[in-house]
Amino acid sequence: MTVKHNAPLGLFILAACLVLISALAPAAQAITAQQVTSPGGLKAWFVPDTTNPILTIKFAFRGGAALDPEGKEGLSNLVSSLLDEGAGPFDSQTVQQALEDQSIGLKFDSGRDEFSGRLTTLVRNQDKAIELLTLALTKPRFDSEPVERIRAQILVSLKRNQEDPHAIANRTLFKTLYPTHVYGRSTDGTPETVAKLSIDDMRNFVKNRLAKDNLIISAVGDISAEQLGQRLDQIFGDLPARAASWAVDDVVPISRGQTIVIDRDIPQSSILVAERGLMRDDPDFYAAYVMNHMFGGGSFTSRLYAEIREKRGLVYSVGTGLYPFDHSALIIGSAGTANKRAHETLSVLKAEWKKMATDGVSQNELNDAKTYLTGSYPLRFSSSGRIASMLVGMQVANLGIDYMQKRNGYIEAVTLTDIKRVAKRILLADNLITVVVGRPEGIVGTN
Amino acid sequence: MQSCNFISPPRSLLMMIGFVLTLVGTPSQARVFNPETFTLKNGMQVVVVPNHRVPVVTHMVWYRVGSADEAANESGIAHFLEHLMFKGTKKRRNGEFSEIVARNGGRENAFTSTDYTAYHQTIAVDRLEMVMEMEADRMTNLVITADQVEPERQVVLEERRSRIENEPGSILSEHLNATLFMSHPYRNPVIGWKHDIEGLDIDRILAFYKRWYAPNNAILVVAGDITAEKLKPLAEKYYGVIPRQPETLRQRAKEPPQQAERRVTLRDKRVQQPSWQRVYLAPGVQWGDSEQADPLELLSNIIGSGASSRFYRSLVIEQKLAVSAGVHYSGDNRGPGRFIIFASPRPGVDIDTLEAAVVKQIETVKQQGVSKDELERAKTRMLAEAIYARDSLSGGARVIGSALATGQTIDDVENWPDRISAISLDAVNDAANSIFNIQQSVTGLLLPDDKS
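Line by line, the protein sequences are chains B and L. As numbered in the numbering used here, residues 1 to 447 make up the first sequence, in order. As numbered in the numbering used here, residues 1001 to 1452 make up the second sequence, in order.
Rather than coming from a laboratory, the hints here were simulated on the basis of the structure. Quick caveat, the model's predicted, so the values are computed rather than measured. Accuracy of the hints is not assured; some may be wrong.
Dumping the calculated SDA-like pairs for lysine to any residue here, alpha-carbon to alpha-carbon at most 25 Å [stated by the list, open to error]:
(1) B:Lys311 - L:Arg1204
(2) L:Lys1230 - L:Arg1053
(3) B:Lys340 - L:Arg1270
(4) B:Lys370 - L:Met1134
(5) B:Lys370 - L:Arg1092
(6) B:Lys311 - B:Ser299
(7) L:Lys1320 - B:Asp201
(8) L:Lys1232 - L:Met1134
(9) L:Lys1194 - B:Pro267
Pair ranges (Cβ atoms, derived) [as the list claims (entries may be wrong)]:
(10) L:His1195 - B:Ala351: 28 to 36 Å
(11) L:Thr1364 - B:Lys350: 58 to 66 Å
(12) L:Ser1371 - B:Arg160: 34 to 42 Å
(13) L:Thr1039 - B:Asn364: 40 to 48 Å
(14) B:Thr94 - L:Gln1439: 34 to 42 Å
(15) B:Asp265 - L:Asp1350: 23 to 31 Å
(16) B:Lys43 - L:Glu1318: 39 to 47 Å
Glycine residues also receive a C-beta, built at the ideal position from the N, C-alpha and C atoms.
Turn these sequences into a full structure, and let the hints steer you where they fit.
Here it is, written out as structure tokens:
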């Protein structure tokens, strides 16, 4: 219902969440995860929770939309919408009705770097839930009716996105940052590529991409470790041992201070700025995380919020986020403002970018940021689904199972000097690429 | 600071609540959230919803005032005030409230709907007392100045641009509501009309604040790792000392009998994908024939919720005319409800063809009703959702807060599963027979502007 930071970055938020959500932790109150190894040798991170008779299993296969073959962009996204549309002996309607009648949540999602899924079920319905998930992963049918129906839905959503200001800005930004790399493509594909995807393509995707050696699993809920192990073998045991080999090159985003204006007759300009960020395993990542919080990540307390919204009333939403992908990293800022105030908004944004890089922050600002980031950690554990997502995110980022106990220590260790160094390192205002969609007054494209 | 979240125009707003209420179900005999409640001497009701997974609480204060309580020419004042509540008080400077919450690891926000305004923080339970003191302080001690109001007005106007003016679908929704409700204030958008937002001044905003923000017009809901026994002394200490104010009556313009079908069409060159919807004026839990509210909820679930529902199956899967189709019923607000049918055509399908097929579906439901089997399956689904609802920290607080703020009782929430279980097939089919009265409806079309 409500949005604080509007979501020009919506497409990419999921990827970031996988990492950032797992980025907090108070020593005393953290939930403790255990590793469960199934009889068949599958490993999962598990948090038992008997509060409610619910079981959540979340999983991800490394290698996401970035691996869609050239000319077949949108393949993983299409497959993610089709796995629950008929499998094994059950056609689409049989599966959908079973899911609904037994209140089973089954959802697949295709991100840039992972193909993920989530099963949520009442404990009493787990047999059916696990049967449906197992079939979806191993025997999807791809019957022509659901394939053409879902294809039509995706084509319509791509068409909608063609005139959605945030989507236009996002697409343009990534295309420009990564002109020759797969990260520059839309994860959902284009109308041309989606129209051409064949059932063989889909079958190949399942055969090549869903395997045990690129699989990450977490579970939260009312089940014993032993039972969970058996369930894991049941669900994932028949997957191939290895996914087809793959490689995605690391890439440095290209941002050289360009400004791109996309003309649209709308009252509010949608603004995105971006440049290179830090990879998740960079030694300065935590410093960057804390710095970003003070700069534009903290909702009502960030500098950008204070200067652009609170003091000047230029926007409803403004902020920045760190986006560490597997093979590249970005910091992205966003704002939306009336066309006639777009120039002022962008000027203040860039001035703050420079100021942060030059002056750093005060000890008080840093202290406040740390108490927020460490103290708000337990708030992340607000539902079993969120905990399961965090456990997968931690594994995706190659963090330890004790990460939740250690994480606040990493935040506490960040010093003023670290902040200053990292701000100088990544906030390069002159390099920022700027994309504006609308009729911004006083902003001219550089080419 | 801040802001807001505002639950947008009545439409998505009501849908959201409908959704939340749907989540409330539970197997009979079990209650839903098992809350504890008591009332302070000054009339402020307090509710505790236990959830002990982590040592965290969600603290919410709900005011029984929303956009539907605004006077003529002041649309948006409830929402504007919500933004200004994050400025200073007699005790605290501008922005201090949010700084303190953040420094203590808390998250906060607020939202405004047609029927209520609510402020909330989620924070470690050992900081609960601190946020209670601050929330109680701003109930009566708000200080706002002209140099704060003007930038905030611009923020609200940007919010309006972002939510409405940049979104053709939202513009159509505003027109639909203004057409469906001929007199009732649900016709005005929660965020307000642009010209009204531009005209609101401090005196009117403060008068609105003084009139509506009082303990006897507020509800405190705390969910999480807490009990009523522990909360009570704190509630008395911080909220209990605020003097009771004169009672405020929620007097809203009444809706006259509706006798004409209406049609609203928005053609906009930004529209890439056409869509069709029909909104019927509907009874709600507190408006019109309220006995029909629960049957209508079941009906909407059966015919229009999910990929195995009738509308989706027929229009999307079998006839291949639509990419999406479904139904929303919003009946748990204080005023009139709405029963909404929507569909969007597959590429190449004419909107008139789609409309004819949807109307045929509506007629079938109206004439033939639904089956016993469909009803029983819908009941099972809805009741199972209660267990999921209990899993979330703040879900229960939101459901109970919105119910109380709109005039329902805790029993209404807790008995919902029993009521749903008891609904008969006749009751659902009677509701199906009476809801689809085209003279009490607006049909809305969102179309590309082919001329441009």
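Consistency of the hints with the structure:
1. B:Lys311 - L:Arg1204: 23 Å, holds
2. L:Lys1230 - L:Arg1053: 17 Å, holds
3. B:Lys340 - L:Arg1270: Roughly 20 Å separates the two Cα atoms, so the pair holds.
4. B:Lys370 - L:Met1134: Distance of about 22 Å is within 25 Å: holds.
5. B:Lys370 - L:Arg1092: Given that 25 Å is the threshold and the Cα spacing comes to 23 Å, the pair holds.
6. B:Lys311 - B:Ser299: 15 Å, holds
7. L:Lys1320 - B:Asp201: Distance of about 24 Å is within 25 Å: holds.
8. L:Lys1232 - L:Met1134: 17 Å, holds
9. L:Lys1194 - B:Pro267: Distance ~13 Å between Lys1194 of chain L and Pro267 of chain B Cα, so the pair holds.
10. L:His1195 - B:Ala351: 28 to 36 Å: The hinted range 28 to 36 Å holds for His1195 of chain L and Ala351 of chain B, with Cβ atoms some 33 Å apart.
11. L:Thr1364 - B:Lys350: 58 to 66 Å: 60 Å, holds
12. L:Ser1371 - B:Arg160: 34 to 42 Å: 36 Å, holds
13. L:Thr1039 - B:Asn364: 40 to 48 Å: 42 Å, holds
14. B:Thr94 - L:Gln1439: 34 to 42 Å: Check passed, 40 Å falls within 34 to 42 Å.
15. B:Asp265 - L:Asp1350: 23 to 31 Å: Hint holds: Cβ distance 27 Å, inside 23 to 31 Å.
16. B:Lys43 - L:Glu1318: 39 to 47 Å: Given range 39 to 47 Å: holds, Cβ gap about 44 Å.
Hint check: no violations occur; every hint is consistent with the structure.
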